[in-house]
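*Asks:* Listed below, chain by chain, are the residues.
Protein chains: 2
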Amino acid sequence: MSTASDEDGQSNYRVIGTRPVRHDGIDKVTGRAVYGADVTLPGMLHGKVLRSPHAHARIVSIDPGRALALPGVKAVVTGADLPQAQDREEAVGEGVSNPLHLSQNVLAHEKVLYDGHAVAAVAATNPHIAAEAVDLIEVRYEVLPPVLDVRDAMREDAPVLHPDLRTRDGETEAPDRPTNVAAVTRFERGDIDEGFAAADEILERTFDTAMVHQGYIEPHNAVAQVNPDGQATLWCSTQGSFDVRRLCCDVLGLPLSRLRVVPAEIGGGFGGKTTVYLEPLALLLSSRAGQPVKLVMSRSEVLRATGPTSGSHIRVKMGATRDGRITAVESELLYEAGAFPGSPVQMGAMCLLGPYDVENLRLTGYDVVVNRPKTAAYRAPGASNAAFASESVIDELADRLGIDPLEFRVRNAAREGTPTAAGPRHRRIGCLEVLEAARNHAHYSTPVTERDGPIRRGRGFAMGFWFNAGLQSSATLAINADGTAALVTGSPDIGGTRTSCAMMAAEELGLPVDLVRPVVADTDSIGHTDVTGGSRVTMATGLAVHDAAQDVKRQLCERAARVWKVDVDQVRFADGGVESLVEEGLRLSLADLADRAGRTGGPIVGRATVNAQRNTGAAFGALLVDVDVDVETGRVDVTRCTVFQDVGRAIHPAYVEGQMQGGSAQGIGWALNEEYVYGEDGRLQNDGFLDYRIPVALDLPMIEPVIVEVPNPAHPYGVRGVGEVSIVAPPAAVANAIARATGARMNSLPMSPPRVLATLRERCASA
Amino acid sequence: MSTASDEDGQSNYRVIGTRPVRHDGIDKVTGRAVYGADVTLPGMLHGKVLRSPHAHARIVSIDPGRALALPGVKAVVTGADLPQAQDREEAVGEGVSNPLHLSQNVLAHEKVLYDGHAVAAVAATNPHIAAEAVDLIEVRYEVLPPVLDVRDAMREDAPVLHPDLRTRDGETEAPDRPTNVAAVTRFERGDIDEGFAAADEILERTFDTAMVHQGYIEPHNAVAQVNPDGQATLWCSTQGSFDVRRLCCDVLGLPLSRLRVVPAEIGGGFGGKTTVYLEPLALLLSSRAGQPVKLVMSRSEVLRATGPTSGSHIRVKMGATRDGRITAVESELLYEAGAFPGSPVQMGAMCLLGPYDVENLRLTGYDVVVNRPKTAAYRAPGASNAAFASESVIDELADRLGIDPLEFRVRNAAREGTPTAAGPRHRRIGCLEVLEAARNHAHYSTPVTERDGPIRRGRGFAMGFWFNAGLQSSATLAINADGTAALVTGSPDIGGTRTSCAMMAAEELGLPVDLVRPVVADTDSIGHTDVTGGSRVTMATGLAVHDAAQDVKRQLCERAARVWKVDVDQVRFADGGVESLVEEGLRLSLADLADRAGRTGGPIVGRATVNAQRNTGAAFGALLVDVDVDVETGRVDVTRCTVFQDVGRAIHPAYVEGQMQGGSAQGIGWALNEEYVYGEDGRLQNDGFLDYRIPVALDLPMIEPVIVEVPNPAHPYGVRGVGEVSIVAPPAAVANAIARATGARMNSLPMSPPRVLATLRERCASA
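Line order of the protein sequences matches chains A and B.
Quick note: the first sequence, position 641, residue 641 per the working numbering, numbers continuous.
Quick note: the second sequence, position 422, residue 1422 per the working numbering, numbers continuous.
You may find that some hints are simply not true.
To be verified - Distance windows between CB atoms, simulated:
id, chain 1, residue 1, chain 2, residue 2, range
1, B, ASN1012, A, GLY601, 25 to 33 angstroms
2, B, ARG1415, A, VAL582, 44 to 52 angstroms
3, A, GLY72, B, ASN1012, 51 to 59 angstroms
4, B, ASP1699, A, GLY290, 29 to 37 angstroms
5, A, PRO754, B, ASP1038, 23 to 31 angstroms
6, A, ARG599, B, ARG1635, 21 to 29 angstroms
7, A, ASP592, B, PRO1083, 19 to 27 angstroms
8, A, ARG177, B, THR1040, 18 to 26 angstroms
9, A, GLY72, B, THR1040, 18 to 26 angstroms
10, B, ASP1699, A, GLY601, 55 to 63 angstroms
Said to hold, decoys possible - Per the computed footprint, the stretches of chain A lying under chain B, defined by three or more beta-carbons under 8 angstroms from a beta-carbon of chain B, are:
id, segment
11, 219 to 232
12, 378 to 384
13, 601 to 609
14, 655 to 664
Said to hold, decoys possible - Pulled from the structure, derived: some chain A residues nowhere near chain B, Cβ distances all over 12 angstroms:
id, residue
15, THR40
16, GLY72
17, LEU100
18, ARG151
19, PRO175
20, ARG186
21, GLU188
22, ASP208
23, THR446
24, ASP551
25, CYS557
26, ASP681
27, LEU757
28, SER766
Simulated from the structure, these hints should not be mistaken for laboratory data.
On a predicted model such as this, the values are computed, not experimentally measured, just so you know.
Don't be surprised by glycine CBs; every beta carbon is placed ideally from N, CA and C.
Turn these sequences into a full structure, and let the hints steer you where they fit.
*Replies:* Written as structure tokens, this is what we have:
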């Protein structure tokens, strides 16, 4: 695959690498973009969900009678209204999550498994009646003891969430007994006993991370309209309209062609909008009521009942030689799945040592259900937890060996040919280039200044790895009669992918990017397209766009050949038009050919579909961070922050930088402040943004992004996914900075003032 | 091309020919379908158009000052705000109508040319303020004498509408002088002098038809949102979203990719919604005001200022031999274009003798501007006027020769190989089959019963011809993961084409039709697709659907070959799945293959684009009608009505029958009641449905449709266009019935009571 670089490696691209204003920019800054909650239909009802006040309980009975009697109430639904286990056919499609669990999460069937678990839903003529009606539904619970901590949940005497659940373990025969351990995952390579025997220094540490939420500003929402003939339309905020369609049809037992999902604009997702909560409820209520129904969550509902990411407990044992080669790593990763199986522990294990070439390793992951909301994806799911552990251990180990921690990482860095945890070897990657970029940056060499009074300053560094996803995408590219173009994809645009995709089409066709109009279509209007996630859109949907543009160019060549009455191999596409290879100077521009499309065979439309699994290129990122620690209060301030990342090729550098900055900011929030606080009773105590503190602009310095470009050889423009890896390094980088500022190693997230203070005091006490 | 018929000619289709409920049916009968006027946007302004009270005047000045000063008024625009002649680049694209005339029709530049001509437009915070503001705009006119009749307009001393207009005449050198004759069109074949010399009987008659309106129930509407970056979206009721886009961009001087046109559901069009009136105004006002703007016409505005069809004056001279062979026809057709050039006179001439094989003919058409609204298309544009003349003359000529008029038509009927007026010869057509179907129908052989008192009963018959259009269409067909399908086209659905297109996809893929979800996409989401008109959608868009399905089937075969690790030529698609040609019984269903799409290469999406100009098949229709004429009042009642039509292949017979009935009903309204009534001052006097009388259910008997199927050899299913030809025969059929009832030949439409009475009295006086 070509990358348009000249001999000096300079890019010859005309559009790629520039920074045009995004096509949806004006709509968004002027408030005109239509988000899910903006959708309003004639005769629309408003829904409200009744949620469990208990973390663990059996539902004895639900009586909706009084609610149904309230004037204005049009429908009440409970778990009994969903197809039950015995009614379910085998799930259709590839990679489908367990539809019964999904159904039980959407509406509890027999048990409630976490504070906020949906129990019933109401549709009424206005939101106030709906709220009143929800309070009139009488639910009798038999309250059960909850289990909230992953280690507690693994005890033999722990309360069991799912009596039918058995451990899924690919290697050992798991015992046939009730358990909260849904799955055990292993990655093993080499011989760790030999590896540890060869080590001069061995370090073993344990780490805890808290359950944290993605903190997207827009709450979940859904507007559904189901006709009496079963044809349904759903508007919602989602990262994956095709996933929403499949999951809703799984839960409700519908053929896919019955449901059209229209993806609204999305006010943040970060992985949290890749599954369904309200969507099947809105459909079910609309079907019952015979009118459209809108459901919108409150912030409290978002925090209590959507999918945050797993808290975790991780043990890492690492050995290294005196000259700084890692010889062996052993790790156990325990991840909270929430109320139903499915934590990102496998991905965490795959990322734990992603930046390094380690010969001997044994990584074991445990997926454990607890009485918390079912976790969902959150930016590089599982990787930040793992890197907090591994990058802290590496930092401390380097210290012990007297080797500069960055140099230590360079000596062990993954490179082309290094096997990944899952097996396949890396193609060309930029791990070393990212490390070098950090080492060469002014931030790295600037001395750390001393501070007065109780403030200690320190600088920390950590690496992050994310493998990036490929998956399926579709694109169609239609040429207008004046030679401008319309580009249709099915990828909801979170980070500017309308524009990055349009830029690739513009590059190929020789058009200004503002003459390519990108559209994010609904599920009926474009071929299957997987979720906007896994940092895959600019890479994989971009690949489909590139291929669709080749399809267009092929057709343009055929049309020109027809006009000139020559064979198609006597023409070629170049510089935004078709030129003759036999008659010099003979040329038809895109606009010329578009103008003649009708007479030469009809409209010109290119299309492509891809499964980009073999086109992904791994992402490496690093964070260099200076912190001020107030040793009297435990407060930590980030004072300088530089993020480095191999992006392959930055199609639109400003949006790439935005991803790098955004991921860093979220990672710092995770590091310092964010956590789900549950009481003994299993009820969430901080269900709002006042108590669940995400960083705001005042909390952070300017985050300086440093783009490193090591083109992905499996992509025509060299694109790697850029959206996630920047969240991986921050918790460890901040912990390493705190260690250098104070000498105290933090092993628990968040590193909030009370916890920092406690660690400092412990250290004083033990000193 | 195959048509799935067995040896007896019986259809083997599984879906085609059945009568499923349309996919949009529930939405439409429950009021949920979104029509243009239903679109509401946040911050939306309401617009109103100031219209000329004069039929012909020079605009001396327009002062919007007082309107702009009215609180709530956000923008006022006049013709001066549109790009003027000198600013216009050459129009881009194929078959573009004159953009300057279009612009002048949208907003008068220097002159107003008809009562209701748009002069200015206002956007305000509500419709009442907009209406008030329109009245505050001060326009000074210099009133000029109008010319309303086509023959008056051709006089040398007639007022001239466009001082720059010169006659376009392809054959003779037209004089360089101001004129109202925009164009002269000729069709000539054989030698008419010889033809008339060979005739035993020659008849010459003149006919007049009134300007009539399509009478769609939904008035024109447009909602526009233009962003500060120039990106615009337009929602409107239209038969052709791509045409609206092109015409708006022509008028406003925009690249096509700046504007997205979202076609709303359409409450009737019949050709009248193929151009723009409010659409550019809404865009211009939104651009000025910086807010979305909605414009909706009143019924009066629809009648005064949209595009009815031409009134006309037609002379026909026809000669025939004693044994009933037409030897020669000479005709002059004078059609009102309205205020700007462009009547359907050429199409009228092409259809005048469509059902017949005439060796010697000379047809001359005149396109004449008059001070009436610019005409637009109306169902088989121009053909009903022409057939009223030719089918009346044929009927009278047959009478004179003592030959049964139906038998006379059979003797002269067009058949395979007969040249059309425009030159090319017919492929297989169903003209004779339609005549035979009428002759064999019980209605034809049932005696006409006598009536008492002043009522005279008579039966009339006439033929109609329409050539049908081809044009360009695009389709994409995506296979869902469960083997259901989504079908995207760009053809607004007026008569059930969502379903007819879905049926063809279902037929090809072996799916039930309700598992194919058809979508009419906006202009950004599908390749170029020409207007829903010319009876082309089921034929041409259907062809694209058929081709897209072949593309899908090709891909399915490739996937199956990949799964079985065999060459693609060792498999074939049959019965809704792919089967192995080498291993008996080895088979993968569509659902199997859809389920594996990801693993076998990504989503499966077919696409096709067509220019169907060579795929059209001509349509022939006939109407047999019984009327009761009250000789004391002149009132004519249709008491029995049977419509015959060669539809090629009825994809969905119920919707085909609906087209046949609808066209007949409109043709009867045109025959009996409808006309634009202008005063001497050129002002329209019947600008509402109380005074402009279209037939309602009580006015008509059940219209019995008789489908004749002579497959179009140029279409894979044999489809011919079915939407238009049924409007062609009715005026002549009713006139022929009145002649048989009363002996009086009507030569002027409408045959309203006063006109019938006058003709009967004239006849008595001359007898």
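*Asks:* Please go over all the hints and tell whether each is borne out by the structure.
*Replies:* Checked hints:
Between B:ASN1012 and A:GLY601 the beta carbon distance is about 31 angstroms. The supplied range of 25 to 33 angstroms therefore holds. Between B:ARG1415 and A:VAL582, the C-beta spacing of about 47 angstroms keeps the proposed range 44 to 52 angstroms intact. At roughly 54 angstroms, the beta carbons of A:GLY72 and B:ASN1012 sit within the given window of 51 to 59 angstroms. Range check, B:ASP1699 to A:GLY290: Cβ separation about 36 angstroms, and the 29 to 37 angstroms hint holds.
Under the hint 23 to 31 angstroms, the C-beta atoms of A:PRO754 and B:ASP1038, about 56 angstroms apart, miss the expected range. Checking the proposed 21 to 29 angstroms range against A:ARG599 and B:ARG1635 shows it is violated: the Cβ atoms sit about 52 angstroms from each other. A C-beta distance of roughly 23 angstroms is found between A:ASP592 and B:PRO1083, which places it inside the suggested range of 19 to 27 angstroms. Checking the proposed 18 to 26 angstroms range against A:ARG177 and B:THR1040 shows it is violated: the Cβ atoms sit about 59 angstroms from each other.
Taken as a hint, the range 18 to 26 angstroms holds for the pair A:GLY72 and B:THR1040, whose Cβ atoms sit roughly 24 angstroms apart. Distance hint for B:ASP1699 and A:GLY601: a CB-CB separation of about 47 angstroms, inconsistent with the stated range 55 to 63 angstroms. Counting residues of the segment 219 to 232 of chain A whose CB falls under 8 angstroms from any CB of chain B gives 5; the rule of at least 3 is met. With 0 residues bearing a CB less than 8 angstroms from a CB of chain B, the segment 378 to 384 of chain A misses the requirement of three and the coverage assertion fails.
Counting residues of the segment 601 to 609 of chain A whose C-beta lies closer than 8 angstroms to any C-beta of chain B gives 7; at least three are required, and the coverage claim holds. Counting residues of the segment 655 to 664 of chain A whose beta carbon lies closer than 8 angstroms to any beta carbon of chain B gives 0, which falls short of the minimum of three for the stated coverage. Once the 12 angstroms rule is applied to beta carbons, A:THR40 is inconsistent with being away from chain B; the minimum gap is 8 angstroms. Every Cβ of chain B is farther than 12 angstroms from the Cβ of A:GLY72; the closest lies at roughly 21 angstroms, confirming the non-interface assignment.
For A:LEU100, the shortest C-beta to C-beta distance to chain B comes to about 18 angstroms, beyond the 12 angstroms cut-off, and the non-interface label holds. Distance check for A:ARG151 against chain B: the nearest CB is about 37 angstroms away, which clears 12 angstroms, and the non-interface claim stands. Look at A:PRO175: its CB is around 33 angstroms from the nearest CB on chain B, clear of 12 angstroms, so calling it non-interface holds up. Consistency note on A:ARG186: stated as away from chain B, and its beta-carbon is indeed over 12 angstroms from all of that chain's, at 25 angstroms minimum.
Against the 12 angstroms criterion, A:GLU188 stays outside the reach of chain B, whose nearest CB is about 27 angstroms from its own CB. Residue-level check passed: A:ASP208 sits 37 angstroms from the nearest beta carbon of chain B, beyond 12 angstroms. A cut-off of 12 angstroms between C-beta atoms confirms that A:THR446 is not in contact with chain B; the least separation is 41 angstroms. A cut-off of 12 angstroms between C-beta atoms contradicts the statement that A:ASP551 is not in contact with chain B; the least separation is 9 angstroms.
Look at A:CYS557: its CB is around 16 angstroms from the nearest CB on chain B, clear of 12 angstroms, so calling it non-interface holds up. Chain B leaves A:ASP681 outside its interface by the beta-carbon criterion, the shortest separation being 42 angstroms against a cut-off of 12 angstroms. At roughly 49 angstroms from the closest C-beta of chain B, the C-beta of A:LEU757 stays outside 12 angstroms, upholding its exclusion from the interface. Every Cβ of chain B is farther than 12 angstroms from the Cβ of A:SER766; the closest lies at roughly 55 angstroms, confirming the non-interface assignment.
Consistency note: the structure conflicts with the earlier hints numbered 5, 6, 8, 10, 12, 14, 15 and 24.
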